[in-house]
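Asker: Working from the sequences, and respecting the hints, build out all of it.
For the record, the sequence lines run as chains A and B.
Mapping of the first sequence onto numbering that gives the first Met the number 0: position 59 corresponds to residue 58, and the numbering continues sequentially without gaps.
Mapping of the second sequence onto numbering that gives the first Met the number 0: position 112 corresponds to residue 111, and the numbering continues sequentially without gaps.
It is possible that some hints are incorrect.
Because identical chains cannot be distinguished in the list, a pair is counted as satisfied if it fits within a single copy or across any two copies.
Under the rule of at most 30 angstroms between Cα atoms (straight-line distance), these lysine-lysine pairs were calculated in the DSS-like manner [as the list claims (entries may be wrong)]:
1. Lys170 to Lys80
2. Lys159 to Lys80
3. Lys80 to Lys68
4. Lys159 to Lys68
5. Lys82 to Lys159
6. Lys82 to Lys170
7. Lys82 to Lys68
8. Lys159 to Lys170
Keep in mind the hints are simulated off the structure, nothing from the lab.
There are 2 protein chains.
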Amino acid sequence: MPRLHTRGEPEINVNKVDFAELTPPLEQFLAQAAYLQLTVFETLAAAVAGAPDTESKEAVSTAAALSLKKHHGLIAEIARKRKDAAAAMAPYAGRIDEYRSRTIGSNWYETMVTSYVTAGLLDDFSRGLASGLPGESARRVSDILGSDDGHRLIADELRKAIGADPRLASKLAMWGRRLVGDTLLIARSSLAIPASGHPDEARLEPVFTELIAAHTRRMDALGLTA
Amino acid sequence: MPRLHTRGEPEINVNKVDFAELTPPLEQFLAQAAYLQLTVFETLAAAVAGAPDTESKEAVSTAAALSLKKHHGLIAEIARKRKDAAAAMAPYAGRIDEYRSRTIGSNWYETMVTSYVTAGLLDDFSRGLASGLPGESARRVSDILGSDDGHRLIADELRKAIGADPRLASKLAMWGRRLVGDTLLIARSSLAIPASGHPDEARLEPVFTELIAAHTRRMDALGLTA
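Answerer: Right under this line is the structure:
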């Protein structure tokens, strides 16, 4: 089971079985997951400069480096298939860039929530889908996606900020809620399209229900209402 | 001799002897060099999002990761001295952040020139000073600073851009020239302050002459007039 371990919170699990049937073809999966992961890095990396102090800069730059390592792991999987990673990702860039610009946040704290919430959701999602990949790829990709992404460092930054200014809590809770819709849409657009051309809503529902439940637990771990 | 190897160009050397006499105390050197290196990372990292295509994003994100690795190497040296890295860097943050905001550039190509030119100058400078560090630190820090920083990837991006739009060359050459003054000032402010309180201009001159000569060769390697 993919796990999101949050300090002092029970592990968050999503049910792989629900996801595996929605897994797109390997190259498509890798290209989209790699570009989404690059987006997670971009958001964290851009937030280093805005961090309130050098301690926060260290936390955010470490999380950025871990995200980039995951991205490069996925890129290496594309290269194993003798495909050019940049070319493979290009068709997804426009849509995902637009998603990123809509979700980046208007200040450093919102951006931290974005990193925590969207990386968490997308990671749960990608790890669920990875279980449906063929052969050895499933394990290798799960290992890459399951590696430490530094989300605990980001959660600690947010707890520190909310502790210092409790009025932040309601603003950030609202921002966290706004992120869910856009993130579920970008996730949905990454799924395998059935022959009918219409996603099977009955199949999607349990997947999205699980993602939202995991999101709620992640917000709880910050003391925020989802 | 510290070397900057630029593709198709002779190696660029600076004379360690001139620099070593100006080396500040170890902790001060490490804190300033680490924060400057973080700045190099921040600029590259922020430029990933603005890259014109996924291939450029890969080049810039790889260079960003290599810069961050150097930063973390320097942070580890501070930790060896049982000092808190964030606290050690804090006194230099304001001045260096201001330098970064003045030199970030107004478009992606200028930012690439900034990464190439200022990282090159600061790297030559820090590697020169590192030769004056005590004991084993000199070698260890030189190894960290001398590791690959991906400047060849940035130079290739710039050559590609200038090749596609030759009018860029004169604009970027002018931007490169503007960067030198601010970068030499920030370098100068990192030097050991002699007991007199005034830096010895006669000692500084050969150091700055060498840095500018290396800068000129670096601009030449892009086909730009320094």
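Asker: Looking back at the hints listed earlier, which ones does the structure fail to meet?
Answerer: 1, 6
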